[in-house]
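Visitor: Residue numbers (our numbering), protein chains in the order written: chain A, 1 to 153; chain U, 1 to 153.
A few of these clues could be false.
Mimicking EDC-like on lysine to aspartate or glutamate, the simulated pairs with C-alpha atoms at most 16 Å apart in a straight line are [as the list claims (entries may be wrong)]:
id, chain 1, residue 1, chain 2, residue 2
1, A, Lys64, U, Asp67
2, U, Lys64, A, Asp67
3, U, Lys3, U, Asp27
These are computed hints drawn from the structure, not numbers from a lab.
Protein chains: 2
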Amino acid sequence: MNKVVLTYGTFDLFHIGHLNLLQRLKDLGDYLLVGVSTDEFNASKGKQTVVRFEDRLRIVQNIKCVDLAIPETHWEQKRGDIEKHDVSIFGMGNDWSGKFDALRDCCEVVYLPRTDDVSSTSMKKLLSVLDKTHIDELKQALGILSTIIDRFD
Amino acid sequence: MNKVVLTYGTFDLFHIGHLNLLQRLKDLGDYLLVGVSTDEFNASKGKQTVVRFEDRLRIVQNIKCVDLAIPETHWEQKRGDIEKHDVSIFGMGNDWSGKFDALRDCCEVVYLPRTDDVSSTSMKKLLSVLDKTHIDELKQALGILSTIIDRFD
Numbered sequence: 001m002n003k004v005v006l007t008y009g010t011f012d013l014f015h016i017g018h019l020n021l022l023q024r025l026k027d028l029g030d031y032l033l034v035g036v037s038t039d040e041f042n043a044s045k046g047k048q049t050v051v052r053f054e055d056r057l058r059i060v061q062n063i064k065c066v067d068l069a070i071p072e073t074h075w076e077q078k079r080g081d082i083e084k085h086d087v088s089i090f091g092m093g094n095d096w097s098g099k100f101d102a103l104r105d106c107c108e109v110v111y112l113p114r115t116d117d118v119s120s121t122s123m124k125k126l127l128s129v130l131d132k133t134h135i136d137e138l139k140q141a142l143g144i145l146s147t148i149i150d151r152f153d
Numbered sequence: 001m002n003k004v005v006l007t008y009g010t011f012d013l014f015h016i017g018h019l020n021l022l023q024r025l026k027d028l029g030d031y032l033l034v035g036v037s038t039d040e041f042n043a044s045k046g047k048q049t050v051v052r053f054e055d056r057l058r059i060v061q062n063i064k065c066v067d068l069a070i071p072e073t074h075w076e077q078k079r080g081d082i083e084k085h086d087v088s089i090f091g092m093g094n095d096w097s098g099k100f101d102a103l104r105d106c107c108e109v110v111y112l113p114r115t116d117d118v119s120s121t122s123m124k125k126l127l128s129v130l131d132k133t134h135i136d137e138l139k140q141a142l143g144i145l146s147t148i149i150d151r152f153d
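With the rest of the complex left out, here is chain A (with noise of 0.2 Å):
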């Protein structure tokens, strides 16, 4: 019998974070379902993204392990979900723990490491590629940025 391992994200410019905590959760069953935040509903948790809906599904959809991609509309359809789809394990990241516990009534729910750093790496990466060469280009987007601000202020 298959065993069912579902999570929620939003998946915003799909990096190597991602895919290290989607294959960990694959790896805890057989069968793995993701549900992938719509805009509209972070858009109800004053979150937005850089990368839309319907793309950012299309990548999660496409990444081997994943076997399911459902678009999450709300914080009520897990349980919901859980029974539909005969979910074993709910897991998430660590930076929920403890949030979820209140399915423990109806699967197992866990909660794995993240890949530490992964967002200050690229940063850090980010800052290297700035030397002389990217100087005038830098400048430029400065310009613009600036531009966007006085629009505000």
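We have chain A already, so just place chain U on it with the hints.
Guide: Leaving out everything else, chain U in the frame of chain A:
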């Protein structure tokens, strides 16, 4: 018999344009082989990425339509890869149109349309994110960028 399709790319900050191109290439045959340029090869072209080679390779290797991802280390490896993997079709985005016609003596060479406007769409989305609630972080970022610029000026 398997029809092997080959392409090369950097695949920095994996996005929907990358996925679209890989899926269109896969549709041309049965087996998709992707050369991912190493950091050293990119450096030799004066190109630096945000995401390091190992992570770019792993993400491409974990896309469903990709059968095998290999390192691209130098310009001259194409003929060797075509022979070694019995490649039928060499395909690139049409931003490279005409650039690899010399390979027509050993396989079919195609140039496929890129997804228009992925970069500019992302940029527009990014700009739409910049509202009042983000203005403080933006100012902080500008401060950091200004400091970096001063260092080079």
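Visitor: Against this structure, judge whether each hint is valid.
Guide: Structure-based check of all given hints:
1. Lys64(A) - Asp67(U): 10 Å, holds
2. Lys64(U) - Asp67(A): 10 Å, holds
3. Lys3(U) - Asp27(U): 10 Å, holds
Checked against the numbered hints listed earlier, the structure breaks none of them; every hint is satisfied.
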